[in-house]
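Make the full structure from the sequences, and use the hints.
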Amino acid sequence: MMRRLAIIDDDTIFQFTTKVKIEKLNLADEIKIFGDGEQIFQYLNETILADLPSILLLDINMPIADGWDFLEMYESLDADKKENMKIYMLSSSINPVDVEKADAHPRITKYITKPIQDQVLQEILAF
Amino acid sequence: MYSINSKTELAKGSQFLRRLLESGKNKIDHKQDVIPPADTSEAAYYANIIQFIPHLIYGRDQNGVYTVVNQAFADFAGKKIHEIIGKTDKELMIFLNPDQIRMTDESLFEKKQKRFIPLEPFTESSGELYWFQTVKNPVYDEAGEVTEVLNISTDITKRVEMEQRLSQSEIRYRSIFENNYSGIIVIDKDLSIHTKNKAFDALMGEDHEASNDGDLKSYVNETDKRDLLDLLNGLSSRNYEFFDIDVQLTANDGRKIDTICFVRGLYDANLNFTEAVITFQDVTKVREQQKQLEESEERFRTIVENATEALLLLDFDQKKYVDANRSAETLFGYSREEFRNLSFGDLSPKGQANGESVVLGEDYMNRAISGERLVYEWEVRRKDGTKLICEVRLVKLPYPDRNIIRTSVVDITDRKRAERLLNNEKRKLQESNKELIDLNFKLGNQTKQLQEFAYIASHNLRSPAGNIRALLDFYQADPSEENLNFLLEKLDVVATDLMDTINDLAEVVKIKNEVSKEHTSIELQKVMEKVKDSLSEAIKNKNAVINYDFTGVEKIYGPKTYVESIFLNLTSNAIKYSKDDVPAIIDIVAEKTENHFCITVKDNGLGIDLKKHGSKLFGLRKTFHRDKDSRGVGLFITKAQVESLGGTIKVESEPNVGSSFMIEFPLSILEKKQ
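Chains A and B, in that order, are what the protein sequence lines are.
Quick note on numbering: the first sequence equals residues 1 to 127 in my numbering.
Quick note on numbering: the second sequence equals residues 1001 to 1674 in my numbering.
Note that these hints are calculated values from the structure, not bench results.
Quick caveat: nothing in here was measured; it's all calculated off a predicted structure.
Honestly, I wouldn't trust all of these hints.
[As the list claims (entries may be wrong)] Dumping the calculated EDC-like pairs for lysine to aspartate or glutamate here, alpha-carbon to alpha-carbon at most 20 Å:
hint: 1; chain 1: A; residue 1: Lys-21; chain 2: B; residue 2: Asp-1473
hint: 2; chain 1: A; residue 1: Lys-19; chain 2: B; residue 2: Glu-1482
hint: 3; chain 1: B; residue 1: Lys-1350; chain 2: B; residue 2: Asp-1323
hint: 4; chain 1: A; residue 1: Lys-21; chain 2: B; residue 2: Glu-1664
hint: 5; chain 1: B; residue 1: Lys-1611; chain 2: A; residue 2: Glu-72
hint: 6; chain 1: A; residue 1: Lys-24; chain 2: B; residue 2: Asp-1213
hint: 7; chain 1: A; residue 1: Lys-21; chain 2: B; residue 2: Glu-1489
hint: 8; chain 1: A; residue 1: Lys-19; chain 2: B; residue 2: Glu-1452
hint: 9; chain 1: B; residue 1: Lys-1225; chain 2: B; residue 2: Asp-1213
hint: 10; chain 1: B; residue 1: Lys-1448; chain 2: A; residue 2: Asp-98
hint: 11; chain 1: A; residue 1: Lys-24; chain 2: B; residue 2: Glu-1481
hint: 12; chain 1: A; residue 1: Lys-21; chain 2: B; residue 2: Glu-1482
hint: 13; chain 1: A; residue 1: Lys-24; chain 2: B; residue 2: Asp-1478
hint: 14; chain 1: B; residue 1: Lys-1490; chain 2: A; residue 2: Asp-10
hint: 15; chain 1: A; residue 1: Lys-101; chain 2: B; residue 2: Asp-1207
hint: 16; chain 1: B; residue 1: Lys-1611; chain 2: A; residue 2: Glu-38
hint: 17; chain 1: B; residue 1: Lys-1592; chain 2: B; residue 2: Glu-1664
hint: 18; chain 1: A; residue 1: Lys-19; chain 2: B; residue 2: Asp-1478
hint: 19; chain 1: B; residue 1: Lys-1611; chain 2: A; residue 2: Glu-46
hint: 20; chain 1: A; residue 1: Lys-19; chain 2: B; residue 2: Glu-1489
hint: 21; chain 1: B; residue 1: Lys-1448; chain 2: A; residue 2: Glu-100
hint: 22; chain 1: B; residue 1: Lys-1611; chain 2: A; residue 2: Glu-75
hint: 23; chain 1: A; residue 1: Lys-21; chain 2: B; residue 2: Glu-1481
[As the list claims (entries may be wrong)] Computed list of chain A residues with no C-beta within reach of chain B, every gap over 12 Å:
hint: 24; residue: Leu-27
hint: 25; residue: Tyr-43
hint: 26; residue: Lys-81
hint: 27; residue: Ile-94
hint: 28; residue: Pro-96
hint: 29; residue: Asp-103
hint: 30; residue: Ala-104
hint: 31; residue: Gln-122
hint: 32; residue: Ile-124
Each residue gets a CB set at the ideal place from its N, CA and C atoms; glycine is no exception.
Structure below.
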């Protein structure tokens, strides 16, 4: 089975360094990069179930549609597409409002503070 | 005339009388009953006396035949003397009860004794009843036998009738006495009670049937007893015949009964004091009521007299003061007597704050008389001419036949001064309180802003820091030349980004710190001209039309750079996010409302979906339009600037229709700070 992963973040350096790190640690077979919530939503909507990523690393602060916007749109996705999908919320925000909101959100598996540690990556990317 | 003491003397007397009458017969013409010319003989003299004595003198023999009568008897019988002599009662028909008369005579013939009949009824032939007192004397012959009865009768009819009347009157008085509601007793000089009526016993709570006459001494106290005895002495010596006195009686059950006693002396025929009649009038209730009334009056008087407020009674009809209390004397400086000569106008200066004293006062008094209770402020004039501000209350008093107004006057000069001071203090306090609230609000806002700022700063600095770390990790993992070039290239981006972020944050910090430093008069018209100037290229490119009108409020006060920045940001946003196919129309309106000075910047541009983005619109690094040259800093700065000036900013927007940014400043922005 393909270990498919999506990184949703507008920070190009974060995109690049995280992708390199995951590849080096060999934690995924396929890594897709998206700049904002709208792009990933379109991709999930258009892609067949078999090709969908099973883990999303979702940033909060993004232009157009941020992490929260995406989560709202995500609700309209087909139920079987969502069934085996885990969403990790990534942010450098330590604002307790964000942390609490994320912890309370039923779709979010975990809230992770940036910068992301290798050990954390290994834990959450155990497919 | 003569006394009959013994049989012998009686016989002698009787014979003398006979001889007398017989001798007189010759001299007296019985037929004519005329007194003959003077007969100087002793017999004729006595005969005359007997003839005309007012008592009835008549004799009858054993057969009831009249042997001798005098003129008085003849007159009583209504006949002549000679018509009577030699006849019996039955023949004469003088009396209707001859048998009874005869029976009385007969007893004398038998018993041969003189008889006194104290009350003898004679019913005259006319039917009239007479009462007589009769002395019946037997007349003896030589042998000592009774030959006739000589009667001397006195008419006592009038006396009997009088006695009867007296008796009836006594019954009547007795009845009045017994049934009187007032207690009545009859006492003697030493206060022992002879008689008392039911009402007296009822008053003393005693059983009338069972009670003894008793002694008035046991009902009265020592003082009353002494007074009563003294007065009774005067009564018994007839210095006076009646008096009245207040006496407190003590009933058997201990009740105290206040009475007024009317005492009248009774005297016998010789005017000697016999007893006294006392009528008691129970005045206990009356006294109690009177006492209560007096006490209540006294209490009321004390209250009025000691009242701290000045009280004056004004006779409305005479427009004169009739009474005043002590406080009134103190307040006005007039004595009570002086008040009585004062009228209403004398206690007021000519004018009051709202008109002439006399006119206003007249109106107030008329209203008080019609029942209104008035309270008003009034300037009064004291005797020494000084004036006081007072609170006056008028109430009409319930006198039945006079129009009396109670005027209460309280000096409120001090109160007014205190009120003024208090109001000043209150105003100051309210002002400083308002300042405190404002300050608190600002502080609260600032704390919130600071916290937000800390999160934002932390977030925005963590990202580039994390990126630097990640890039270095990447290079260290594979330190090739190629990767070094890549690292440097990327570090350049991160450094620029970091620099921008730090600059943005520094800008906000500057806004928060420097807001109070610059405070100048800002002409809005000029501000907009400057804005248009700096945006001239964009305006030309977009065919933008900017309408603004500041005729309502031309000037505001504050830091000029902020105000310019706010207008510039909002205007440039409106141009930047305008539609490509339609000329941008931007309306800028300034208006003053009750509590705020408002500026609205309205465009017909792309609009924003506020449901999605509303909460993030003014956040740092928030952008909502792809492909626009936006860093997500403008509105963040604008909001910070507006808030630093004590204002708020709101937005209304609809995608593809346009947006309105509304700023509300406190009105203080229109005033130059001291």
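Each hint tested on the structure:
| no. | hint | result |
| --- | --- | --- |
| 1 | Lys-21/A with Asp-1473/B | holds (9 Å) |
| 2 | Lys-19/A with Glu-1482/B | holds (18 Å) |
| 3 | Lys-1350/B with Asp-1323/B | violated (23 Å) |
| 4 | Lys-21/A with Glu-1664/B | violated (50 Å) |
| 5 | Lys-1611/B with Glu-72/A | holds (12 Å) |
| 6 | Lys-24/A with Asp-1213/B | violated (143 Å) |
| 7 | Lys-21/A with Glu-1489/B | holds (19 Å) |
| 8 | Lys-19/A with Glu-1452/B | violated (31 Å) |
| 9 | Lys-1225/B with Asp-1213/B | holds (18 Å) |
| 10 | Lys-1448/B with Asp-98/A | holds (16 Å) |
| 11 | Lys-24/A with Glu-1481/B | holds (19 Å) |
| 12 | Lys-21/A with Glu-1482/B | holds (17 Å) |
| 13 | Lys-24/A with Asp-1478/B | holds (11 Å) |
| 14 | Lys-1490/B with Asp-10/A | holds (15 Å) |
| 15 | Lys-101/A with Asp-1207/B | violated (104 Å) |
| 16 | Lys-1611/B with Glu-38/A | holds (16 Å) |
| 17 | Lys-1592/B with Glu-1664/B | holds (10 Å) |
| 18 | Lys-19/A with Asp-1478/B | holds (15 Å) |
| 19 | Lys-1611/B with Glu-46/A | violated (25 Å) |
| 20 | Lys-19/A with Glu-1489/B | holds (18 Å) |
| 21 | Lys-1448/B with Glu-100/A | holds (18 Å) |
| 22 | Lys-1611/B with Glu-75/A | holds (16 Å) |
| 23 | Lys-21/A with Glu-1481/B | holds (19 Å) |
| 24 | Leu-27 | holds (15 Å) |
| 25 | Tyr-43 | holds (16 Å) |
| 26 | Lys-81 | holds (22 Å) |
| 27 | Ile-94 | violated (6 Å) |
| 28 | Pro-96 | violated (9 Å) |
| 29 | Asp-103 | holds (17 Å) |
| 30 | Ala-104 | holds (17 Å) |
| 31 | Gln-122 | holds (15 Å) |
| 32 | Ile-124 | holds (17 Å) |
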